[in-house]
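4 protein chains.
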Amino acid sequence: MTILVNSSASRQQIRRILDVLHKNGWESFVVHEPTTRIVGVNPKHGVLQAPCLDGLPGVERVIHTSSQFPLASREASPENTVVDIDGVRVGGREFVVVAGPCAVESEEVLIETARAVKKLGARILRGGAFKPRSSPYAFQGLGKQGLKLLSKARDLTGLKICTELLDPGNLAMVCDHADIVQIGSRNMTNFALLKKIGKLKKPILLKRGMSAKVSEFLMAAEYLLAAGNPNVILCERGVVGFDQATRNILDLACVPIVKTLSHLPIIVDPSHATGYREYIAPLSRAALAVGADGLLVEVHPRPAHALCDGRQSINFAQFGEIMAQLSALAKPLGKTVNADGARTRAR
Amino acid sequence: MTILVNSSASRQQIRRILDVLHKNGWESFVVHEPTTRIVGVNPKHGVLQAPCLDGLPGVERVIHTSSQFPLASREASPENTVVDIDGVRVGGREFVVVAGPCAVESEEVLIETARAVKKLGARILRGGAFKPRSSPYAFQGLGKQGLKLLSKARDLTGLKICTELLDPGNLAMVCDHADIVQIGSRNMTNFALLKKIGKLKKPILLKRGMSAKVSEFLMAAEYLLAAGNPNVILCERGVVGFDQATRNILDLACVPIVKTLSHLPIIVDPSHATGYREYIAPLSRAALAVGADGLLVEVHPRPAHALCDGRQSINFAQFGEIMAQLSALAKPLGKTVNADGARTRAR
Amino acid sequence: MTILVNSSASRQQIRRILDVLHKNGWESFVVHEPTTRIVGVNPKHGVLQAPCLDGLPGVERVIHTSSQFPLASREASPENTVVDIDGVRVGGREFVVVAGPCAVESEEVLIETARAVKKLGARILRGGAFKPRSSPYAFQGLGKQGLKLLSKARDLTGLKICTELLDPGNLAMVCDHADIVQIGSRNMTNFALLKKIGKLKKPILLKRGMSAKVSEFLMAAEYLLAAGNPNVILCERGVVGFDQATRNILDLACVPIVKTLSHLPIIVDPSHATGYREYIAPLSRAALAVGADGLLVEVHPRPAHALCDGRQSINFAQFGEIMAQLSALAKPLGKTVNADGARTRAR
Amino acid sequence: MTILVNSSASRQQIRRILDVLHKNGWESFVVHEPTTRIVGVNPKHGVLQAPCLDGLPGVERVIHTSSQFPLASREASPENTVVDIDGVRVGGREFVVVAGPCAVESEEVLIETARAVKKLGARILRGGAFKPRSSPYAFQGLGKQGLKLLSKARDLTGLKICTELLDPGNLAMVCDHADIVQIGSRNMTNFALLKKIGKLKKPILLKRGMSAKVSEFLMAAEYLLAAGNPNVILCERGVVGFDQATRNILDLACVPIVKTLSHLPIIVDPSHATGYREYIAPLSRAALAVGADGLLVEVHPRPAHALCDGRQSINFAQFGEIMAQLSALAKPLGKTVNADGARTRAR
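Residue numbers (our numbering), protein chains in the order written: chain A, 20 to 366; chain B, 20 to 366; chain C, 20 to 366; chain D, 20 to 366.
Hints listed in this document are in silico derivations from the structure and should not be mistaken for laboratory results.
Don't take every hint at face value.
Because identical chains share one entry, a pair is satisfied inside a single copy or across any pair of copies.
Quick list of in silico lysine-lysine cross-link-like pairs, DSSO-like style, CA-CA up to 27 Å [stated by the list, open to error]:
id, residue 1, residue 2
1, K218, K163
2, K232, K221
3, K137, K163
4, K171, K350
Isolated chain A (complex conformation) (with noise of 0.2 Å):
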């Protein structure tokens, strides 16, 4: 049961509602962003009535529902929510290109790559300046001094910059460098890091676990929402399975279960799906087609030299082809790439 606050409502009246749920045996959890809710959890599972509410001073309106994640659920929002960074709007008609290096590497290669996404239209330049390595003596990402080329090269394409956190020590570093904070596949699981950041308005992106359910990946959405951040963007990007073929299986089923079950917006990663640059482009067009928000893909001026995940990178050449494809695609399904406008701009 997720309950709508009044905009004009009392304290007084919002400690009377949590009174009533708490004497029908019901635990409450108050959420204040964007608006108050009260999310009332009946601990015995369904035992107990829900109280009856409607009347009660403060009550905006009450959403009865079983869905185990009520913020993120589709109930709670008949309209799609629209992340808005800064005038890049996930969510909405644009079909929106996040590009990049897997790693922050260079300043070199940082910004030839952030100019060049830039111009072939993409919205945002992704890039890790702290990377969740399997082992340890790998490289672990530049940090800070990445964080700070990230900002750099905002300033000098107007980019938005999403990079991922893994220690919570590092969140008000990582914050005043990234308009969006990624939160890895690792640590999606991570409960600890999400209340933290959650605790933030700042837009997340977060990645579905290699073996996370739909309904998992949105509980931990719902994390994120209990904690008052609403501006949250969901990527899929590929669950284990049992052919080497791929490094794992793009679930591209995800993305309408997403938009049946939940308001919020989903962006589909192929490079980290698949693991080769062959299949980018041809899964990239799917997941236009298939609903996606948007796509994130690795970039890189020169994929053989990369520090890491050179196999699923493309060059600027392959991007670019990528990019008139989606905007030959988006119009049919009344979406919009910016690509075109990219184009013609630059004419």
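Mind docking chains B, C and D on chain A? Use the hints.
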């Protein structure tokens, strides 16, 4: 190693080629369709050197390959194979739609469905006369009567007929009625059946096993090609996964992988993959966008009353809507969908 | 619902029971072995009420069950089924060991292996005369000649013979030579084959499909029981997984699940499950400890020279070591292993 | 490459070794516990040659390995590591049993359980004070109060305490109360947390991620070893699978694989793996038989009333029965279980 044999080669010349292979320790398999080829297999896995055959009379070309499926491999043919079913061409510019009920239930339902999907642009009618069911007590199909109804539907509508073969004992009967014989997921590794059907020229729709790697899928196709049947259409229909949000995971990356490794056409079945009709439309669009050669979709006049798989079947209106979306998408992809033609003709 | 029919019931009485079922909207399937039973299936999934049959002449007992595999279900028999292969009893106190080469390769290798494993305590000799291979160019087995060699090995050693059937066309030939007919993983959902072999009384070793749920596995067994063959032994042999450290994941929980849901015996095959001989001994011990009724293990005199699956085969010394470990473990588990007797007799 | 440094080596000597590595293009990581070692990593993946270090002052031994986890690898230590928790030794002859409720719920339940499992032979008490829950609205544990209750249980029973750490912010508090700090499956790839806890000497129980390959599992352990903490105990607890008959698939082959590739101890958790108490006893026996060093099992006085995971918890009588079975099995395996001693002492 595959040796393409000259069309004018004599039996003696072929015998001599086999002889050279044998003397060098190689095993050989002769394939007569569509042209004569000899597959040479090194039983010691590469320890032996390939014998020099280039000068030999009767040898047109030698393809050196380490592929596990030399006849199905891309190296065997840079051009895509087009399977021609009496004028319906799968693997060419047209995105071919196969539609119909899961099982043939009654004359009324079948004919009603055939007429509707024909009008909306389907080219091929699907319907099971023999059904592979997990339970021995579930509806197993109408058998011979079902086949006759399919033939009748073809006579009335001009649609081609695709139906499943389970038992080699029914081979002749099924081939009498079907234009395309389906080998289902549950029989992808029924090699006795593959060898038998491979001896005919009848077009075959081979569905991917629920836990088959793409390489195993292509080796199953190789069974058919090696037995002499070049008319093989592959079908991606989902693989096992850990999330019950869909019945299986539709692995759309399979399409570009097959296109990279093989020259065979491949279509996509989102009905069995997801198990839910809500997700059929977006995944049908994705199948077209990812580069598949066609679609297999379950359509039923009244899905709620279907004898099997009702939950994943769509009705005529939903099918019409999908065909319209596919038509709109096809153009920028350089493809055609018959819906346009059907619509035009219907005027 | 399963109706146990009185052993003295007349045909007319059975017909009347079927009639009552039919009039109440139920479908019925008559099974004659080992005793006459009628399986009643409600095609409307529980909407209909179960007709009262208890007073009816010929009815011994009615088992109301919602199991998808009523004959295989634990409700059908509180006692464990013991499959008796001419004195070798699978499902009782003895932990029965089946051993032998993957494929029958030559008389010499087969007889040498048979004599060795017999001496070390194996009861049943396994060996493939027909091999299901992913590639059409891989060694497919010696066929009829292989079957004859297996018969010879039985004559010389007294071991029972277990070999695989792939093609229903070879049913009579395989049954002539085998004491137990194996239906392999790749054919667990080859329902045409299950129906055919189910009509005989020949003991069957049914291996779990690589992506079969336990319930699907038991429904495949139900095909055999419903066709009249009560002599079914199950075999867990690993399921698909995401980690290439082993070929498949051996799902040992399958054993207690089967013991809970069914009365059928179940053995374990760690050779195919793992693909590496290093792990055979510990997993064989685990199979005994988890409650399995026996073991299926690949043994070859010189694994490095085996025509197939050499990497996962163990040699005689390793097999002897495993048998000794099993013997030591069996006692506290209330089980016996033939190794003791074999050793005693050998003195 | 791992370089074992002489215990009497000077700082200067170490600096010189690092220098030689650096000049040859290698990266180096110095580890001080339990002895000083230098891990040399070739960033070009084998293109560079290993520098000759054998004559260098301070170098005791050089281990050339291509393992991705050089410190955790079997090559680093032919002898099994035994983690000593104040006299309870995990990795030696004793099969160590860890038991307790999923979550610390109340003083009464915790103390009652601690006393019962102690009496029946458990060595270590488990209980979550901080719980990682899929839903933000589920019971998240008693936190600090839970830790205090665990300490009290230790004082009363002498059991060692094992409890989970989720948030690096609670590191000091958890370490104050726990004898073993658990890193749960959901945090196996939370590398920031691994780096932090790796700096301490506190024994760690590292659970395998739900979709972690064994090699990834061992690389997560390498994070701890590389940070200087040698006291790592691994725990197999099931991986994702396609069959809902159990919550996860218990991958018992993981045990002999870890024993082959690594020197670290490994225990097995059948409670979380299966999710059903019926299967705990047989899989506990299998864990012992397969070669694990211990067991982690959920025990609750009244499982039906547990605040979490009640379905998979066993009661005291069931736990006692399992301990008796393990005792009987241990002897032929050359292992001991504390149940014997406990029983003897109880007389």
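For each hint, the structure was consulted:
1. When the C-alpha separation of K218 and K163 is checked against a cutoff of 27 Å, the pair qualifies both within a copy, at 22 Å, and between copies, at 22 Å.
2. Taking the closest pair of Cα atoms, K232 and K221 come within 27 Å of each other only inside a single copy of the chain (25 Å); across copies the shortest separation is 34 Å, beyond that limit.
3. Taking the closest pair of Cα atoms, K137 and K163 come within 27 Å of each other only inside a single copy of the chain (23 Å); across copies the shortest separation is 50 Å, beyond that limit.
4. Taking CA atoms no more than 27 Å apart as the test, K171 paired with K350 passes in neither setting, with 34 Å inside one copy and 41 Å between copies.
Checked against the numbered hints given earlier, this structure breaks only hint 4.
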